[in-house]
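Participant: When you get a sec, could you build the whole thing from the sequences and use the hints?
First to last, the protein sequences are chains U and V.
For the first sequence, counting from 1, position 609 maps to 612 in our numbering; every step adds exactly one.
For the second sequence, counting from 1, position 12 maps to 36 in our numbering; every step adds exactly one.
Hints were generated in silico from the structure; no laboratory data involved.
Owing to the predicted nature of the structure, the values given are computational and were not obtained by experimental measurement.
Be a bit skeptical, because a hint or two may be false.
As the list claims (entries may be wrong) - Selected chain U positions facing chain V (in silico; Cβ < 8 Å):
| id | residue |
| --- | --- |
| 1 | R440 |
| 2 | K940 |
| 3 | T942 |
| 4 | C944 |
| 5 | R949 |
| 6 | C981 |
| 7 | P982 |
| 8 | A983 |
| 9 | Q987 |
Cβ coordinates follow ideal geometry from the N, Cα and C atoms, glycine included.
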Amino acid sequence: MSEIMHGAVAVVGGGIGGIQAALDLADSGFYVYLIEEGPAIGGRMAQLDKTFPTNDCAMCMLSPKLVEVGRHPNVQIMTLASVEALEGQPGNFQITLRQRPRYVDITRCIACGRCIASCVYQDAKFPSEFDVGLGKRKPIYIPFPQAVPLAAVVDPQTCIFFKSGRCPQNCLKACERGALDFTQTERVLTLDVGAVIVAPGFEPYDARRVGEYGFGRYANVLTAPQFERLLSASGPTTGKVLRPSDGKAPKKVAFIQCVGSRDLRHQSYCSAVCCMYATKEAIVAKEHDHAIEPTIFYIDLRAYGKGFENLVRRAKEEHGVRYVRSMISQVTEVPETKNLLVCYRDESGSLREEEFDLVVLAVGMRPSAKGQELARKLGIELNEHGFAKTSLFNPVMSTREGVFVTGAFTGPKDIPETVIQASAAAAAVEALLAPARGTRTKAKQYPEEFVSEGTPRIGVFVCHCGSNIAGVVDVKAVAEYAQTLPGVVHAENVLYTCSQDNLKHMKEVIREKQLNRVVVASCTPRNLAALFQDTIREAGLNKFLFEMVNIREQCSWVHSDQPEKATEKAKRLVRMGVAKARELKPLAVQSVKVTPVALVLGGGLSGMVAALTLADSGFETHLVEKSSELGSDLKEIARTPEGEDVQSLRANLLDRVCAHPKIRVRTNTAVKEISGFVGNFSTVLHRGEERIQHGVVIVATEAHEHKPNEYLYGEDGRVLTQRELEAKIERSEAREKTIVMIQCVGRNEQRPYCSRICCAEALQNALALLDQDPDRQVYVLYREMISYGFLEDLYRRARDSGVVFIRYDEQAPPVVRKERDQLFVTVRDARLRQEVLIKPDLVVLSTGVVPDPYNEELSRLLKVPLDAYGFFVEAHIKLRPVDFASHGIFLCGGSHAPGTISELIAKAQAAAGRAAIILSKEQLEAGGIVASVDPEKCTACLTCVRECPFGAVFINELGLAEIEAVKCQGCGICAADCPAKAIQLGQFEDIQELRMLEELFAYEH
Amino acid sequence: MIVADQKPIEEILQMLEPYKKVLFLGCQTCVAVCMAGGEKEVGLLAAAVRLARKQQGRPIEIIEGAVKRQCDDEFNEPWAKTIEQQEAVLSLACGVGVNKLSERFDVPILPALNTKFFGEVERQGVWAEVCAGCGNCILHLTGGICPIARCAKNLLNGPCGGVRADGTCEVAHNGPRPCAWVMIYERLGKLNQRQNIENIFAAKDWSSDRHGGPRKRVREDMLLET
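Facilitator: If you want it as structure tokens, here you go:
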């Protein structure tokens, strides 16, 4: 560790993982350089149409994050930049970057697209990276509509000016902002950082290398990423599913799984996400076009994550997606129709050939070539598959101290796992650089707000946006019209409202004319509302005395052929904005002090890891366990499927937890009551009625192996669970020769979910049994082998070692019986379609995991939700996997979802990291856009109390509803539903909205 | 609480047919809680009526309001002047409120709701009748489950032959519902009071119910001298 410690961090890779890590770090007191190789951040997630298992829109989730990181005062985004070298040591690294020229000044570019329209290439003719080659772009282009930074970029590889030097450079002349600069050159720069997070992501497997499927030769064979773009409304067909060969809508669509994965000619591992994304794409395709008949050809259907089982069931039952279990050896094209012939083995075992209109290849994930090079430059090691090498017990630590790795760079992963690892890496950095927290970040100071009561004095600024608005809308007329509206004391039209000189001018006008409300009529509030609010705040106005009117996206751009009507519409929109402005009220934002102490509930693996991560970051942590000892969940586990020693992990964690000066452990202790809110919780423990004050809660209860009541378990000593077998093997007491393992025991309608870890446990035990005595017969009776990711290697080893795998149908589970002290197992082999009889000496049951029953009480105490199976429900399955919807409460552990030890560790670190964001702040801001109750009108009907997703409403001592501003997220549900109209939401009060509507529908003055 | 339902908009429009100046007056107690006649419903109904009348080419002037409890004169009094200037009042209170306003004002008071029963909140958005207000309570004998309100036949000695094998009632016009007497039997079992089921109830004296005519309750000691 260096004596000098920098409070800045380099995050390499601007995908969802890098963005999450950057936000977590920047929000907890570190300055972040977010380094992206391409021209915009967003990564692979930006290209997705929907995400499984909820089929929510990917861009709708990602875009707010892009905006947030894009305007975060403590994040500097560096696009077109790559790492050259890393020198120094943890705390004091020098990272050298090479930044390629963009030829566009992003501070000037307003993404109006005029340069693109004027390019000498009249048609877009180069394959668009964003549309995976299906769409086309010009040499100058905007990567995608929601890109951050939202600015054009020049591709020197295809730009005529760079290729021949002879180009009229129309783009230069077209740009009204003087943003283009062809003299830019590459620059090399070195930054001081304390740590590095590496998140370069993955590359889809190159389908051309799997020649038998004809990708690149047959027009109607697409890869799944391409199909995703076809489904996307922002894609090349605006969301219509059309065949590339003839632009016709396909009817029969085949998905071929494991393209490049689970295949020794390509990649031996399972890519972990393809079964689910294919299921999603099949459903979404069907939603877009009902006539489509999707068929998914697969080997094992790996629906092992939270909610996955349910999605597959819906695909089958509600959407009629057909699943056929068959590897596909070849696809051939019918030359006349360009249809595709797929040869497969049907359920009855006979070979069939079927014609499809479109084939989608579910390509796997592979480590990116750039990631490999990056690893070399950073001096970190890769594993045998080319992914970053990590240890199981330190899943985000690379082989170089101070350099952390996350996401698909460490192995195939879906989005929530990537987000979890990103937060985990941020937490690890925080622990490393805790003393340097806040040394590089800046907090902005604002003047005191002047009281702005009294009659409205409104200023209206109408933006030309160059010619973007002014080219269609008569902005001068709009400004003159605004001047005539009641309450308006100043109105003007401005060339660029967002330019630095205008912002300065705006502040001067506010002071000179004593404005107390500001309306800006320009573009979407999505990007710039915060900038304008900040500006009026600098001028001493409450930032909520601001209203933005969109006359670009919602007016000039969509009505460019009707300038007169567009001008009229702009006037009406401005009239609405001004009407709302007249009713605006300043909203108070209070500061609430934060108690920098954490409470971790559950002293298992996850609880201990979370407590250590927080304590290492400098926060006092109470670790409360209701049983008599810590780490009891690990006691029965000797080693991981990969062979790591779990008992030494447990001993090490116990030692560190007990010795850590910042951790206070209480065992045999349950929680009696929890009150308060984010930053200021107060908890009473059952033991001794002790009261703890704390700022955050982490729920870290674990899941447990299910104890079955079938298959003679508990009646015959030769029937064990996998965990019991593992202990027996570890004691070298296993002498049995013939062993039958039954998977998915007790998995039924009440407990339909996959427990994720049992297949690997079975493989591990089967291999251990054969290691001890190769002269054994081990049978594994399974439904689907869930050996996702690198666990696939274990599955292969087991097959090679002679373990017999027999697949059974869910409807025909194996039967175990005992006759004259002999055990018999009969199972119908789904492949052979025959009964198999085995006489085992030992029957081992993979029973899955069930959540801790204590969850129910915690759910009540904390007012956090449980799902139908007793697992906790996170705030958002994709992007907030370790947060509860209620602020200040976080979750990890098996009681969130089953997981491997390595996955649980990452989740615990992530929860700790998320919690540390709150604890690192001295104060939290509360209030602003929140709902409040009028006690005169409240009739205590409880509607709001029942509905609030954040538990912010309670019945106070007067017997009336009251909303805790700190907990309120301003969603407005209660305000909309209150039957007594007793609730109003700040900035969206009824009167404000109604005034706008009145102006909208009013006849012309 | 008293549970009510809003009348169909067609019926309301028909009632309002002769009038051009009407006060829509909600009640912020029971009918607000059961989401039938609180201030929010007043706003929604008024907007719908205005639109419909505008479409008919016969615009209507509507004032919107809501009082704490329409069954108390004191709460209605602040609206007296307004009410007297109206051609009619559409009350979104229960029938009690409509009666109360009619007693006080010489303006037609029109009911916007159908008053149904007093009930419990089963869950948000669902109300169920569990007490019939018969004036002669026997809940202590029936495990806290009322056979008068919850048995379709008001049987005191059930169940009858109409109970199905799954414990539901043969009368199912509001969807399947459990037999009150099966519920009573099970509940008594839980309370160790099964023997209660063997009691034969004598014929009920219904005079305390509405069958004895309109009811009134007087508490002498609370009367104010006037």
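Participant: Now tell me, hint by hint, if it's right for this structure.
Facilitator: Hint check results:
1. Checking R440(U) against chain V: minimum C-beta separation of about 45 Å lies over 8 Å; hint violated.
2. The closest approach between the C-beta of K940(U) and any C-beta of chain V is roughly 6 Å, which is under the 8 Å cut-off, so the hint is satisfied.
3. At its closest, the beta carbon of T942(U) sits 5 Å from a beta carbon of chain V; the interface hint therefore holds under the 8 Å criterion.
4. Checking C944(U) against chain V: minimum C-beta separation of about 4 Å stays under 8 Å; hint holds.
5. Of the supplied interface hints, the one on R949(U) holds, with its beta-carbon coming within about 5 Å of a beta-carbon of chain V, less than 8 Å.
6. The beta carbon of C981(U) comes within 6 Å of a beta carbon in chain V, closer than 8 Å, and the hint placing it at the interface holds.
7. The criterion of a C-beta within 8 Å of any C-beta in chain V is met by P982(U), whose closest approach is roughly 4 Å, and the hint holds.
8. Checking A983(U) against chain V: minimum C-beta separation of about 5 Å stays under 8 Å; hint holds.
9. The criterion of a C-beta within 8 Å of any C-beta in chain V is not met by Q987(U), whose closest approach is roughly 12 Å, and the hint is violated.
Consistency with the previously given hints fails for numbers 1 and 9, ordered from lowest to highest.
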